[in-house]
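A.B. asks: Chains X and U are the protein sequences, given in the same order.
Per the numbering used here, the first sequence starts with residue 1, numbered consecutively.
Per the numbering used here, the second sequence starts with residue 1001, numbered consecutively.
Incorrect hints may have been included.
[What the hints assert, rightly or not] Cβ-to-Cβ under 7 Å is the rule here; a few derived chain X residues that face chain U:
1. Ala37
2. Leu67
3. Ala70
4. Val75
5. Leu80
6. Val83
7. Met84
8. Ala85
9. Val87
10. Glu183
Worth flagging that the hints you see were computed from the coordinates, not collected in a lab.
Glycine included, each C-beta is placed from N, C-alpha and C at the ideal position.
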Amino acid sequence: MKKYRQTEFPHIHTSECEALLVSPDELSAYIDKELPAWKRHLIRRHLKKCEVCADHVQLLQQTDRFLRHAGSVEVSDDFLSGVMARVSESALQQRQHDSLRSRVARFVETSLGWTQHLSTLMGNLRYSIRTRSPVYIFILTFAVFTMVGVTLYPPSGDKLVEKSHELELNAEKLISFEVIQPEPPKRLLTTYLQGK
Amino acid sequence: MFVSDEDLMMKCRKGDIAAFELLVRRYQNPLINYIHRSIDDYHRSEDLSQETFLRVFKSASRYEPTASFRSWLYTIATNLCRNEIRNRSRRNTCFLEDLVEEGEDVYHSEIMRDTRYLPDILLEKKEQRQMIRKALAQLPENQRVALTLVTYQDLRYEEVAEIIGCSVGAIKALIHRARQKMKKLLIKAGIGEENVSEEI
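One chain only, chain U, in its complex shape (with noise of 0.2 Å):
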């Protein structure tokens, strides 16, 4: 029989452990590759992931059952994300594109054509997620959170609205103008239709 998480979380709330252990259990992917989406880097998510889970065992007393318990579990995720991305900033961390040099195309640089010990398809295949991996940080926040939630999460309009904290039209607006970044990083990667349909 399925339990809503909703029902799991009440169940949580009178301290039964083992209906937070099926929680984690239903949203440690999601929530991992979420997070990994959002700050590219494996381990931290990892960390970022458990750190989760823990904050939402934790309030557990204070939640109610009005709001989705889905919702409410990536707005904890997004915060973290939100401050691991800050704390990153403020401690001067390097990333790939820093490592390119100036007017060089990122997608084309030495670093991402390293492809010494992998056979081609692989590599074709993993440096196309790369690509994608880092259009998307090139998104403005919002606009990669919202593409991100709807995208790799399937979650609805409403949810993302509140996650974000906006109203639902604002989110169709998000969405709507991160796709179009979206194509025209990819366009740039060299990324074509062609690539695309064989993917699918």
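One chain only, chain X, in its complex shape (with noise of 0.2 Å):
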């Protein structure tokens, strides 16, 4: 079996691979096809002159092609049964858990609003308050002192019963004294004529 020569890859050995080859990183970069074209093409002129450089790219072209048969494995059949059942599973979370946050949000909004609402009606309370107070503290004691009338001297029952039997008998005796007194005939011109 034929082995490979066991030796360091060479570097940059003459001016021509210096000037062409910034570092020996670029024959890499030339065998993946990393390089602008006008590189490429240098080095393809200069790969057909110098033997060390081109053996240098061979044996970099031969570790490649090994190492792309090193073999690939295959995919089970239930792979992306599972990826697509996690995925799913995942996408239901993620819609709940927005859900969830979004019935939260609204929540927040809703009370911030009754907040707000609640906030604004005290305050034109407190304003009209410390603006109106007189005519409050008027009414106030209005009701204050009506309320203490009342209780104090409550109006009697019997007498109320006994001055609405008194209304309606008065009622009555009108309804029963009332007199129609019929208005005279009038007279007619003719029979007034005949008169004179």
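Please assemble the complex out of the two chains, which come individually in their own frames, going by the hints.
C.D. replies: Dropping the structure here:
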């Protein structure tokens, strides 16, 4: 079995190589087609002339080709379904989380709204009390006195009943003694003239 | 009609699960292989791939089409792999290399040469693959990630730079060093040019 030559990769060895290749890394980039077209062209031309660099590139390409044959593993049949099941589960959780978050946000918004309303109302009330305090004090005092008066001197129920009864009787009397006086008939013009 | 990954992601952002399923179908194979090459454990790589896709879905709302979807996906996967490797070292997980006696060649140990139940050719190929995986595992982390992404996932240097978080120049150097080291390791493992040509 022919072995790789047990040498190091050659470094830049001539002035031409030095002028062309800034570093030996360039040759790796060359085989990976990672250099600009003009540089690739220059290196290709150089490789035709320089045996050491050509050998170097060949060895790099061999290593690369060999590595590419390292084989690959096959994905199991249930891999996709497994991933999608986990993804669906995650999407569902995300949706629930989002809905919960939006519900909390809505609740906070509403409660903040209510708080705002309440604070506005309280502010208005405070303002109106401050500006119209004499009127409120008068109304309050009046209400208090009325309440006290009503409590101390309650209107008696019998007197009211009697009074209402009396009123009813008077009304009956008025109705029974009402005399309807007929109006005298109007005399016609002809009768008036005849009488004259 | 081909829909780009970024368009699918934008649909997914609006809650389109079918678009996400299409993305999973596109990337399930390369992603599992990438993670498998990084952590060298099939079952864990499936778990981590699922986790990667789930994270992509969960953060879809934050996705901006300015970034390439591919590099974003591999960034998440790379971070998960790094965590896994860190946790393993914390748990002192035993690697194959640890089972081999000191001074003995890893690639020619009894464990690797258990050929009882496999036909020769299959075994040879399997051995080679194992050697490559083990050689990859011996690379420093950034070199391994860069080389794996360029060689197996066909990512551009710019994308790899985005994933690792360094400049394109640094990626060039990382990949070159990784290839040099891989070559040394493969020579050490006794893999020659003929094997390479046979494989091809």
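A.B. asks: Hints first: check each against the structure and report whether it holds.
C.D. replies: Tested hints:
This hint is violated: Ala37/X has a C-beta 15 Å from the nearest C-beta of chain U, more than the 7 Å allowed. Checking Leu67/X against chain U: minimum C-beta separation of about 5 Å stays under 7 Å; hint holds. Because the smallest distance between the Cβ of Ala70/X and any Cβ of chain U comes to about 4 Å, under 7 Å, the interface hint for this residue holds. A least Cβ separation of about 5 Å between Val75/X and chain U falls short of the 7 Å threshold, and the interface hint therefore holds.
The restraint placing Leu80/X at the interface with chain U holds, with a minimum CB-CB distance near 6 Å, inside the 7 Å limit. Checking Val83/X against chain U: minimum C-beta separation of about 5 Å stays under 7 Å; hint holds. With a cut of 7 Å, the hint placing Met84/X at the interface with chain U holds, because the nearest CB-to-CB distance is about 6 Å. A distance limit of 7 Å between C-beta atoms decides the matter here; for Ala85/X the minimum to chain U is near 10 Å, and the interface restraint is violated.
With a cut of 7 Å, the hint placing Val87/X at the interface with chain U holds, because the nearest CB-to-CB distance is about 5 Å. Restraint check, Glu183/X versus chain U: the minimum CB separation of about 97 Å is more than 7 Å; hint violated.
Violation of the numbered hints given earlier is confined to hints 1, 8, 10; the remaining hints are satisfied by the structure.
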